[in-house]
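J.: Sequence:
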Amino acid sequence: MTDPQGELSLPGIARAEARRAKPPAEKKPLVLAEQDPVAQVLVDLPLAHLDRPFDYAVPATMAETAVPGARVKVRFAGQDVDGFLISRTVASEHPGRLQPLRRVVSAEPVLTPEVAELVGEVAARYAGTRSDVLRLAVPGRHATTEKKATPSPPPWTAVADPARWSSYEGGAGLLESLTRGETPRAVWSAGPGDDWAPLLAEAVVATASSGRGALVCVPDYRDVERLDTALSARLEPGQHVVLTADAGPAQRYAAFLALSRGRARVALGTRAAAFAPVADLGLVALWDDGDDLFAEPRAPYPHAREVLLLRARLAGTAVLLGSHARSVEAEYLLRSGWAHEVALPREELRRRVTVKVAGDSDFQVARDPAGRGARLPADAFEAIKAGLEQGPVLIQTPRAGYALRLACDRCRTPADCQVCHGPLRVVGAGAAPACAWCGTSAAGWTCPVCGGHGLRAPVLGDLRTAEELGRAFPSVPVRTSSGDRVLSDVPDKPALVVSTPGAEPVAERGYAAVLLLDTWLLLARSDLRAAEEALRRWSNAAALVAPGGRVLAVGDPAHPALQALVRWDAGGFADREITERQQAHLPPSSRVATLTAPAEVLDAARAALELPAGAEVLGPVPAEDEQRLVVRVPRAAGADLSAALQAMQARRSARKEPHVRVQVDPHDLG
DNA sequence: GTCATGTATCAA
DNA sequence: TGATACATGACC
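According to my numbering, the first sequence is numbered sequentially starting from 1.
If you're looking for bench data, these hints aren't it; they were derived computationally from the structure. Cβ atoms here follow ideal geometry from the backbone N, Cα and C, with glycine treated the same way. You may find that some hints are simply not true.
[Claimed, not checked] Have a look at the derived ranges for each label pair, beta carbon to beta carbon:
no.	residue 1	residue 2	range
1	S87	A654	19 to 27 Å
2	V621	E382	43 to 51 Å
3	G140	R313	26 to 34 Å
4	P622	Q79	38 to 46 Å
5	G614	K493	18 to 26 Å
6	E382	T183	48 to 56 Å
7	A245	P622	27 to 35 Å
8	P345	A250	41 to 49 Å
9	Q35	A245	33 to 41 Å
[As the list claims (entries may be wrong)] In silico DSBU-like cross-links for lysine-lysine, where the CA-CA straight-line distance does not exceed 35 Å:
no.	residue 1	residue 2
10	K73	K493
11	K385	K356
12	K493	K385
13	K147	K73
14	K73	K148
15	K493	K356
Construct all of the structure, not just a fragment, from the sequences and the given hints.
T.: Below you can see the structure in the form of structure tokens.
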């Protein structure tokens with residue numbers, strides 16, 4: 001091959017020198033900034049071993065714009081990459097020559113020092129890279145929005161009213177403490193029938209009235225709307241902002257800038273808001289921290305609760321974790337004495353709600369006039385009937401849509417196709433049951449266990465439940481809320497409101513009765529957190545009951561999770577879970593990490609991993625089409641485990657070895 | 001990731 | 001001997 005210039009091909013070094021010399025050496029000497037001519041830059045690269053600041057020279061032309069927190073472009077290994085300027089210094093430790101910054105994308109300091117530090121801590125905690133965490137923490141730039149000035153909100157006048165919290169033991173004290181500018185740490189058990197949003201808003205007002213900022217994360221957009229409404233009722237426009245992805249990039253960036261520019265004092269949002277650049281942060285708060293929406297699905301998979309707890313420690317803020325239930329993590333904070341509990345007195349709880357369990361044994365089929373059955377115990381039927389005389393009745397039933405798998409109607413054995421052993425399903429409304437795999441009709445099916453011939457749906461999806469209840473209570477409107485048709489609220493009139501867990505609409509004055517159907521189904525999940533999660537979902541539904549209303553769960557009265565619901569004692573249940581998990585070396589008393597990769601890759605990763613003392617390695621077991629390894633250590637060695645994993649990832653990336661997915665404390669282990 | 005360099009390998 | 005492939009390490 002000939003050289004493009006037509007020269008003779010020169011081998012090796014000579015050729016490289018020829019290329020280097022190509023631009024005629026008439027470059028002007030670079031004039032550097034007089035003050036702090038060195039910039040430390042975090043470069044946006046996906047490589048774990050390059051996850052540290054690199055020094056660049058600051059040209060005099062950028063002396064004023066190259067501020068800490070600014071987005072910059074730099075030359076790295078011969079190509080232009082994005083980065084964040086972390087700090088300016090007088091000199092560099094780097095022995096070689098520094099490249100100049102290519103460009104300051106914008107002088108807007110979007111990465112505040114506090115958030116930069118938080119990003120580093122989160123990366124360390126989750127054995128990930130700062131560039132991955134930065135993508136979660138700082139929204140994309142929107143130039144038009146950035147050019148606009150952020151208006152200043154009216155001066156702060158709101159004053160907290162501690163009396164709003166007075167039914168809670170320690171509630172008024174918490175608010176007074178926040179108002180005084182202190183940093184209490186509380187786990188708040190929101191009582192049934194209480195609207196959590198105005199209470200949380202009051203804690204925010206208390207903090208902000210002390211001159212500090214506040215940050216609240218909630219699970220989803222419905223919760224954002226509820227809290228936004230509550231805050232808007234207490235604050236002037238512009239004093240708080242909402243950070244959600246679905247508002248669009250411009251609005252999201254405007255809200256972000258209102259915080260980083262110090263205009264808005266209060267931030268509210270979903271999990272990504274945990275990184276919001278709230279100035280003078282005084283309080284971090286989380287509603288319903290057990291919701292799995294707080295687990296970030298992108299690497300390094302941080303959990304908003306942990307991000308906020310890290311942040312609280314870094315910034316020295318107050319902490320408020322509120323829920324109708326209790327996550328094991330929140331319980332652990334109480335157990336260790338790090339946080340204190342704020343809850344209703346027992347007698348007040350008893351006044352507010354009565355929870356009963358209708359066992360599957362007293363199962364009776366309530367029949368409509370046409371003789372078709374609604375699958376309800378007689379107690380449940382009565383509770384609905386009585387409730388409908390007062391107002392709306394909420395019926396929580398797991399899983400959306402029609403029943404997936406059919407079962408023998410005599411012995412409940414799941415029904416297999418007699419040709420290929422696939423699951424038998426109702427394919428469409430009105431259609432005859434058939435195999436989901438091979439399509440063979442289930443006509444003439446015989447149960448291999450009991451010889452029965454009848455099929456039934458062991459799982460009643462909400463649509464079918466709605467149909468059946470509609471028939472059983474023909475004069476009452478039936479409304480459903482699930483999946484992509486979620487209602488946020490329902491009017492205060494008699495109606496059957498059928499909802500899947502987590503999609504329950506709010507009734508203005510509470511539900512006259514709340515029914516929890518098929519509780520066994522939520523408990524039957526194989527997940528480690530199945531019972532904790534089931535209790536959380538029941539508690540959230542039950543909490544929507546009106547004062548003095550009835551809650552009836554259909555299920556096994558002996559199950560500890562249902563007993564905890566009856567006693568309204570999610571804390572006791574979580575405490576018991578912790579003890580059991582402690583014995584099984586599972587979180588929160590242990591720190592767990594999973595490594596996922598193809599078998600050979602995983603072997604190499606495991607061999608290279610320098611585990612702290614006391615670590616246990618389990619597996620590998622198949623996971624999807626790869627293998628998964630579980631590593632666990634006592635909680636005290638958690639930071640060492642994270643560091644070992646981070647070091648392993650750095651070594652692997654430096655050696656260009658195939659990717660291993662590492663998840664520290666995954667939310668949904670096993 | 002890209003780029004430059006070093007070492008192994010092989011046809012001519 | 002020079003051309004090419006692949007491994008390795010730096011990257012500010």
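J.: Each of the hints needs a verdict: does it hold here or not?
T.: Hints, verified against the model:
no.: 1; hint: S87 - A654: 19 to 27 Å; result: holds, 25 Å
no.: 2; hint: V621 - E382: 43 to 51 Å; result: holds, 47 Å
no.: 3; hint: G140 - R313: 26 to 34 Å; result: holds, 29 Å
no.: 4; hint: P622 - Q79: 38 to 46 Å; result: holds, 39 Å
no.: 5; hint: G614 - K493: 18 to 26 Å; result: violated, 60 Å
no.: 6; hint: E382 - T183: 48 to 56 Å; result: holds, 50 Å
no.: 7; hint: A245 - P622: 27 to 35 Å; result: holds, 34 Å
no.: 8; hint: P345 - A250: 41 to 49 Å; result: holds, 48 Å
no.: 9; hint: Q35 - A245: 33 to 41 Å; result: holds, 38 Å
no.: 10; hint: K73 - K493; result: violated, 60 Å
no.: 11; hint: K385 - K356; result: holds, 16 Å
no.: 12; hint: K493 - K385; result: holds, 14 Å
no.: 13; hint: K147 - K73; result: holds, 19 Å
no.: 14; hint: K73 - K148; result: holds, 23 Å
no.: 15; hint: K493 - K356; result: holds, 24 Å
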